[in-house]
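Novice: Since chain S is already given, all that's left is putting chain L on it; use the hints.
Listed in order, the protein sequences are those of chains S and L. The letter at position 171 of the first sequence is residue 171 when you use my numbering, and the numbering goes up by one with no holes. The letter at position 183 of the second sequence is residue 183 when you use my numbering, and the numbering goes up by one with no holes.
The set of hints was computed from the structure by calculation and includes no laboratory data. This one's a predicted model, so the numbers in the text were calculated from it and none came from an experiment. Note that beta-carbon positions come from the ideal geometry of N, C-alpha and C, so glycine has one too. There's no promise every hint is true.
Partial list, derived from the structure: chain L residues whose beta carbon lies under 10 Å from chain S [stated by the list, open to error]:
#1 Pro47
#2 Asp76
#3 Cys228
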Amino acid sequence: MVDLSVSLNGLELKNPVMTASGTFGYGEEFADFIDLSRLGGFIVKGTTIAHREGNPYPRMAETPSGMLNAVGLQNKGVDYFISEIYPRIKNIDSNILVNVSGSNIEDYIACAEKVNELENIPGIELNISCPNVKEGGMAFGTSCASAAEVVKAVRGVYKKHLMVKLSPNVTDIAGIAQAVEAEGADSVSLINTLMGMAVDAETQKPLLSTITGGLSGACVKPVALRMVWQVFNAVNIPVVGLGGIMNATDAIEFMLAGASAIQIGTANFIDPAITVKVVDGIEDYMKRHGVSNVTDLVGALKA
Amino acid sequence: MKKILDFKLLTNELLNQETYLLGLECTEKMPDIKPGQFVNVKIDNSPETFLRRPISIHDVDYENNILYLYIKMLGDGTRKLQEAKAGDLINILLPLGNTFTMEYTEKPLLIGGGCGTAPMLYLAKDFYMKTGKKASILLGARSKTDLLRLEEFEKYAALYYTTEDGSAGEKGYPTQHSVFEKESFDYIYCCGPDPMMQAVAKLAKEKNIECEVSLENMMACGIGACLCCVQDTKEGHKCVCTDGPVFNIKDLKW
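The shape of chain S in the complex, shown without the other chains (with noise of 0.2 Å):
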């Protein structure tokens, strides 16, 4: 037997698999294909206090192992979630988490007390790196003192577990989790989106309607795994890796080099069905190596 536990600093997760916030949907999208109380845990689509439409299309290009999307947050607001997605998943047996996201510290705070009072959300992911929006979002997340400041003031009204979600478009990765590990996060999660474009050269027009995007897919993994392995080497709370996980090898990738839990994203796209394959994968793996518990993978990097 082996044992797929892991702890992330109190939140108990059967196993390390979760899923990425707006890459699964509410969860319910994926009911048909997939039993979602064998995920470790799943982060539902990005919640700001009020309603927001989001970019015009096109907001989806695909390009060389990857896509860029500029959704840009659309969601009903967490008054919506609150009274009519809750009420549907809250008994789904995972850790079910809410991806919060403002345009200003007071929507932040705001929203994080509201999802605070809902008593089978055992967490947050604070998304300070969202780069598909004109205001917040990103620009909380690539300074040191302004992800500080807003993890600080909802630490302050948020009182289970915060998991801050960080941005790769920055100089230095470690300085921003050091910074909101010092305010109080549970846990650190990386990376969100590469800053990326792409342009017709036949109609010589970009191809997002913000000319923009973000990146993602398995052509982020090199880079992510990278930022991975420096957070895991300069924080103490747990480290929970994405960017371009496709299957099982490259969660335990991740793992090996820090995380302790992983999110699969754009993969859900292609297959509805792989987080319970990369479940299934990593339980082989263990198998193959003499692994008993999958904590013992993280960091294991031989280095």
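Specialist: Positioned in the frame of chain S, the structure of chain L alone reads:
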């Protein structure tokens, strides 16, 4: 219920220089599929085409467990799929999206333009099976060589067509066809290029006819998770993959 299933390619027929028809045998029991729904097809794992491609459903043969897809080569994905050989396994996510409204009226008109004719065959067939009557169908093409599968359409529908160059049927666009002067319709179902659908929507509004259109925005997931394929509607951004692909023109900003 949506499923991820492997289909075995039986036939791959090139209909003209840029359009082909795939006959795909389901390796399990074919799910129940309604007119207007679509599938999301896995192409390959190559760096250029790793995302699935949404394709509308042309026909379903439940007796022989075969799904038919009528596809125009528009990009790398649809070009690669055309190279598939008999016996190849193709992974398909289905059935996706809403359906055409199938509370059939007395005198519907189905309009298909370009590869937008694809979903019209299955709709015409369903109408014929349920009502015992043939609906009217109006196909629009650039030229005679783009008018495809006419004998199939004629099995289930009274057929009219236009070509832009006048090489077959009436010359012009579908909205200019004389059938609109000779007959009156009480419902329009339409799929085709955006400018054509908008012209049809305008005509339907002028004639006060209910009208549904099937949209074709770029998608990633096909199941309402990524929010990439949105259409701007009177109620804000809606996912073409789950709120559509079929929309009543009253709900669009056209």
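Novice: Take the hints in turn and mark each one as holding or not.
Specialist: Hint-by-hint comparison with the structure:
1. Pro47: At 4 Å from the nearest chain S Cβ, L:Pro47 passes the 10 Å test, so the hint holds.
2. Asp76: Result: holds, 9 Å to nearest chain S Cβ.
3. Cys228: It holds, given that the least Cβ distance between L:Cys228 and chain S is near 4 Å, below 10 Å.
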